[in-house]
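Asker: These are the residues of each chain, in order.
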Amino acid sequence: MPELRKTPMLDQLLDGPFPSFVKEIKKGAEKNEACNDLLGQLELSYEEKITHWKHGGIVGVTGYGGGVIGRYSDVPEQFPGLTEFHTMRVNQPAGWFYKTDRLRKLLDIWEKRGSGLTNFHGATGDIILLGTHTDELQNVADDLAHEGWDLGGSGSDLRTPSACVGPGRCEWACIDTLDIVDTLTRRYQNELHRPMWPYKFKIKISGCANDGVAAKARADCSIIGTWKDNIQVNRTEVVNYVNGGFDIIGQVVDKCPTKCISYNPVTKSLSIDDNNCVRCHNCINKMPKALRQGKINGATILIGGHAPILQSAFMSWVVVPFMEMKPPYTEISDLLEKIWEWWDENGKMRERTGELIYRLGMRSFLKATGLPAVPQMVLHPRTNPFFFWDKEEVNQ
Amino acid sequence: MVKTDFGPPKYLDMMSDLCKRNYGKWKYHEVLDTGTLVHVAENGEKLYTVRSATPRLIHIDTLRVFCDLADKYCNGFFRFTSRHSIEFLLEDESNIEPLKADLHAMGYSPGGVGNTISNMLHTQGWIHCHTPAIDASGIVKAVMDEVFDYYTEAKLPARLRLSLACCLNMCGAVHCSDVAIVGIHRVPPKVLDEKVAKMCEIPNVVAACPTRAIRPEPAKKSVVINDEKCMYCGNCYTMCPAIPIFDPKNDGAAIFVGGKVSDARHPAMFSKLAVPYIPNEPPKWPTVVKTVRMLIDVYAKDAKQGERYGEWINRIGWERFFKVTGLPFTDKHIDDYIFSVPTFRSTATFKW
Amino acid sequence: MPFIDVNGEQLEVDEDGFLQDPEKWNEDVAKYLAKTEQVEELTEEHWKMVNYLHDYFKKYQIAPMVRKLCKDNGMDLKKVYELFPTGPAKGACKIAGLPKPTGCV
Ligand code: HEM
Ligand code: HEM
Ligand code: HEM
Ligand code: HEM
Ligand code: SF4
Ligand code: SF4
Ligand code: SF4
Ligand code: SF4
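Chains as they are written, first to last, in numbering that gives the first Met the number 0: chain A, 0 to 395; chain B, 0 to 351; chain C, 0 to 104.
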């Protein structure tokens with residue numbers, strides 16, 4: 000074992016109240032050459048203000064087209080431990096729940112066959128195993144498979160879907176986020192492991208409008224739980240909140256975006272004009288004991304979110320305002336498959352679903368998916384008179 | 000043939016009996032302190048959650064200690080949040096304090112629940128990526144050290160989400176964060192003709208440029224970049240390793256503010272530009288840290304209870320925002336990308 | 000950069016084993032690269048795909064998208080992975096002498 004790398008700059012990030020990533024790498028540096036060299040290379044980056052990783056490589060495991068990200072140092076002579084330092088993405092259990100005995104098996108494999116460094120988790124939700132050699136990739140995958148861990152997605156494929164904790168530990172889950180993500184992940188293993196599309200496609204599922212996994216902002220298909228009927232009010236608990244000094248006017252009544260809540264200070268009673276409620280969830284957030292969502296539950300399906308490169312970033316927009324989400328989730332699967340077929344047929348290289356809809360118009364998207372146009376899709380109707388008519392729609 | 004396509008471990012196998020028993024039957028929850036929650040089920044059973052931020056980059060030995068703690072206090076069960084925090088799931092209230100003490104001893108502090116700053120989402124940076132304009136982990140560490148009081152004490156008007164992406168690919172969800180740090184380049188990439196000819200798919204490189212700044216140069220089997228049109232996104236480098244875009248003298252961070260993803264009250268919003276450029280200052284990025292601190296302090300002081308960052312700005316107006324923060328407003332703040340016109344003001348109604 | 004030796008000729012490849020100079024590609028090179036990608040013998044079906052990729056690249060300077068590649072060869076993706084266990088990008092493109100595919104990971 001060569002001696003530990005000197006890292007005067009990084010060492011300044013060891014102290015302080017927030018847990019230190021440098022300390023984490025140092026834990027590995029004593030027993031693993033790659034970790035030690037990672038410290039050295041990172042110190043060099045800090046000195047020179049530039050990355051020392053080469054452009055991504057193409058490495059992989061048998062039978063899969065994704066799940067591994069190739070990475071090579073551009074200064075391997077200086078840091079031989081980083082000559083090959085590939086990342087593996089491991090599909091997380093839905094909701095990121097772990098039982099220690101199962102997780103320890105994964106840690107042991109990574110100790111034996113990799114750097115010992117991880118990310119819990121990557122931005123798409125996978126467990127990230129950070130850094131191993133090309134000739135270990137297959138072994139890691141095999142060992143993981145033996146313990147019941149499968150790889151996640153990368154490249155132009157279905158990225159590992161993820162979901163908020165949902166019914167596992169949250170009273171606000173209007174839909175069974177964990178079952179949905181688990182079912183869809185299992186149903187689309189081929190799409191997940193074998194890139195076949197113009198570009199990546201992400202599915203994220205949040206149980207309510209609080210959108211705990213930021214589905215709207217970063218998924219091509221965002222599934223967000225909601226309800227259709229009336230908010231349930233527990234009158235006794237409302238009184239308890241008020242008697243406890245809760246600022247019901249300031250925090251709930253005034254903050255309601257549609258001003259549909261009224262409060263009578265004399266009777267200490269609250270009433271909601273549910274016809275005007277947009278189900279934004281603020282009042283429920285603020286008074287969880289007193290207010291609960293309605294009982295007719297389902298999800299809003301939004302499409303098209305992605306990051307800003309090329310066209311500008313988009314937030315997902317509504318394509319189905321309300322879809323019942325009952326197992327085996329056939330309706331959402333039908334929709335996804337229709338979208339993929341249309342996108343795959345029409346999309347250009349590296350064109351995300353949202354960009355394609357933008358290029359060809361919602362009109363063409365709705366026709367391909369058979370979805371009806373509804374007012375919930377827009378903030379307001381168009382303000383220009385430049386709309387298209389199909390041949391069938393005009394008199395010949 | 001190896002086993003393939005069997006999918007992730009089943010989540011129910013990773014859940015305690017208490018969680019399984021009360022699956023979908025949670026009634027309400029309460030915030031006990033900035034590191035602790037209690038969820039109460041319809042049958043009255045309680046599940047306590049102790050949350051602590053992690054640096055996301057974690058060594059397996061640390062994860063093993065987490066496992067030990069979960070075995071000791073939680074029957075072997077824990078989970079992570081979408082923001083890289085760990086959550087210990089306890090059934091016995093009396094285990095909360097001992098667990099917290101053990102966490103403190105290993106350098107982890109519970110926090111991030113309620114009206115606090117929770118863990119900072121971030122990406123790989125110089126640790127493991129080829130396109131970053133800034134580091135990720137180092138800036139996160141420096142910033143979180145500085146604003147740590149907002150992580151452990153609930154003294155903000157509402158929750159505040161910080162995030163960082165080390166380049167415009169933005170692998171972390173920063174564009175909808177209250178305060179976001181983004182790595183940017185400021186000079187066009189260099190074309191290494193000989194390598195382009197060998198390694199790159201020229202039509203794809205040309206198509207990759209959002210501003211059509213690239214055209215083919217058939218004589219050299221390469222491409223040329225019109226520097227006037229380039230806005231330094233690095234997309235061409237993503238497509239072709241022979242067009243490097245790094246420039247240590249010019250790369251740095253931009254800061255965006257006022258985004259959110261939840262629809263509560265005001266619908267989700269994108270973050271908007273506050274500071275166009277701060278140079279890289281490793282190892283502790285003092286200017287970035289100072290600016291983020293200031294942005295949070297001003298908001299904490301001025302916003303009304305319950306107002307998220309963007310809602311606060313919407314109320315006071317952007318002209319007031321630049322006044323109260325003292326940040327200069329520049330031509331960089333005025334959009335000139337594809338969908339810019341709707342961001343121009345067309346009224347004569349402002350604040351001074 | 001590493002080199003491979005095909006019939007005595009030294010050919011430069013990148014760290015992932017992709018040929019650096021597409022002009023140097025020929026049948027023997029393909030056979031050599033096939034072995035590195037778990038294809039022991041190039042059958043007629045393999046050659047169909049390999050030649051298709053090579054010609055496509057020559058014509059358009061890009062690799063076809065996966066859907067097109069399947070359609071034009073009358074194969075589904077499963078079949079492609081049966082022929083090339085390491086997949087169309089890493090396996091088939093490498094054997095056909097194309098440069099390393101790039102894009103978002
Ligand atoms: C043009 C778009 C993008 C490009 C070119 C790109 C490129 C990359 C690259 C090269 C890495 C590897 C970092 C490493 O070596 O570990 C990476 C990591 C990652 N990217 Fe992206 N990315 C893009 C957009 C996105 C977006 C929009 C997301 C998520 C919504 C995302 C999610 C991830 C995740 C989860 C990782 C794993 C490492 C991490 O969590 O930091 N990427 N990306
Ligand atoms: C300028 C500041 C912005 C920053 C720093 C930023 C950053 C990011 C980051 C880091 C992600 C990755 C999310 C993930 O982890 O999955 C992302 C994704 C995304 N961003 Fe932004 N963004 C910005 C602006 C915008 C704008 C202006 C829009 C829309 C108009 C937008 C829309 C999106 C969408 C839709 C995604 C989804 C990501 C995907 O899956 O590809 N962003 N952004
Ligand atoms: C949503 C789109 C638009 C609406 C609702 C709209 C509405 C109007 C209205 C109501 C007027 C009459 C003002 C008056 O006489 O008092 C007007 C005038 C005018 N509009 Fe527009 N307009 C739109 C788009 C455009 C566009 C796209 C252009 C040019 C590219 C344009 C150019 C003009 C011009 C040149 C005038 C005459 C101004 C003058 O000389 O008084 N408008 N517009
Ligand atoms: C292609 C699109 C349009 C064309 C060619 C057009 C043309 C005209 C013309 C020629 C006039 C003047 C009529 C006159 O002599 O009084 C006019 C007036 C007006 N236009 Fe448009 N227009 C268009 C779109 C719109 C749109 C989209 C709006 C509103 C949403 C709009 C709102 C008005 C209004 C309010 C006036 C009355 C102005 C007045 O009272 O003096 N126009 N338009
Ligand atoms: S998004 Fe809603 S349902 Fe999901 S964890 Fe957050 S509050 Fe609960
Ligand atoms: S959910 Fe939102 S819109 Fe509906 S009553 Fe509550 S605060 Fe108002
Ligand atoms: S944000 Fe950019 S630099 Fe950072 S990990 Fe993602 S692709 Fe790499
Ligand atoms: S950096 Fe972006 S804008 Fe500049 S040439 Fe490359 S792709 Fe075009």
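In case anyone wonders, no lab produced these hints; they're calculated from the structure. None of the values given here were measured: they were computed from a predicted structure. Even glycine gets a Cβ: it sits at the ideal position worked out from N, Cα and C. Treat the hints loosely; a few may be bogus.
In silico EDC-like pairs for lysine to aspartate or glutamate, Cα to Cα no more than 20 Å straight-line [stated by the list, open to error]:
hint: 1; chain 1: B; residue 1: 26; chain 2: B; residue 2: 12
hint: 2; chain 1: C; residue 1: 57; chain 2: C; residue 2: 27
hint: 3; chain 1: C; residue 1: 78; chain 2: A; residue 2: 343
hint: 4; chain 1: C; residue 1: 67; chain 2: A; residue 2: 391
hint: 5; chain 1: A; residue 1: 53; chain 2: C; residue 2: 27
hint: 6; chain 1: B; residue 1: 220; chain 2: C; residue 2: 22
hint: 7; chain 1: B; residue 1: 19; chain 2: A; residue 2: 100
hint: 8; chain 1: B; residue 1: 248; chain 2: A; residue 2: 46
hint: 9; chain 1: C; residue 1: 57; chain 2: B; residue 2: 192
hint: 10; chain 1: B; residue 1: 154; chain 2: B; residue 2: 318
hint: 11; chain 1: B; residue 1: 194; chain 2: C; residue 2: 20
hint: 12; chain 1: B; residue 1: 26; chain 2: A; residue 2: 228
hint: 13; chain 1: C; residue 1: 58; chain 2: C; residue 2: 26
hint: 14; chain 1: B; residue 1: 283; chain 2: A; residue 2: 340
hint: 15; chain 1: A; residue 1: 53; chain 2: C; residue 2: 22
hint: 16; chain 1: A; residue 1: 285; chain 2: A; residue 2: 246
hint: 17; chain 1: B; residue 1: 303; chain 2: B; residue 2: 318
hint: 18; chain 1: A; residue 1: 25; chain 2: A; residue 2: 46
hint: 19; chain 1: B; residue 1: 220; chain 2: C; residue 2: 20
hint: 20; chain 1: B; residue 1: 45; chain 2: A; residue 2: 236
Chain C residues, not near chain A, derived (Cβ > 12 Å throughout) [unchecked claim]:
hint: 21; residue: 6
hint: 22; residue: 54
hint: 23; residue: 84
Asker: Does each hint fit the structure? Answer for all of them.
Answerer: Outcome of the hint check:
1. 26(B) x 12(B): It is violated: about 23 Å lies between the C-alpha atoms, which goes past 20 Å.
2. 57(C) x 27(C): holds, 18 Å
3. 78(C) x 343(A): Roughly 19 Å between the alpha carbons, so the hint for residue 78(C) and residue 343(A) holds.
4. 67(C) x 391(A): Outside the cut-off at roughly 31 Å; violated.
5. 53(A) x 27(C): Since the Cα atoms of residue 53(A) and residue 27(C) sit roughly 30 Å apart, the hinted pair is violated (cutoff 20 Å).
6. 220(B) x 22(C): holds, 13 Å
7. 19(B) x 100(A): At roughly 18 Å apart (the allowed maximum being 20 Å), residue 100(A) and residue 19(B) satisfy the hint.
8. 248(B) x 46(A): holds, 12 Å
9. 57(C) x 192(B): holds, 19 Å
10. 154(B) x 318(B): Violated - the C-alpha atoms of residue 318(B) and residue 154(B) are around 26 Å apart, more than 20 Å.
11. 194(B) x 20(C): holds, 10 Å
12. 26(B) x 228(A): Answer holds: residue 26(B) to residue 228(A) is near 19 Å, not above 20 Å.
13. 58(C) x 26(C): Holds, because 19 Å separates the two Cα atoms, which is no more than 20 Å.
14. 283(B) x 340(A): violated, 48 Å
15. 53(A) x 22(C): violated, 24 Å
16. 285(A) x 246(A): OK: residue 285(A) and residue 246(A) at ~10 Å, within 20 Å.
17. 303(B) x 318(B): holds, 18 Å
18. 25(A) x 46(A): With Cα atoms ~19 Å apart, residue 25(A) and residue 46(A) stay inside 20 Å; holds.
19. 220(B) x 20(C): holds, 13 Å
20. 45(B) x 236(A): holds, 19 Å
21. 6: holds, 25 Å
22. 54: holds, 18 Å
23. 84: violated, 5 Å
Of the numbered hints given earlier, the model fails hints 1, 4, 5, 10, 14, 15 and 23; all others are met.
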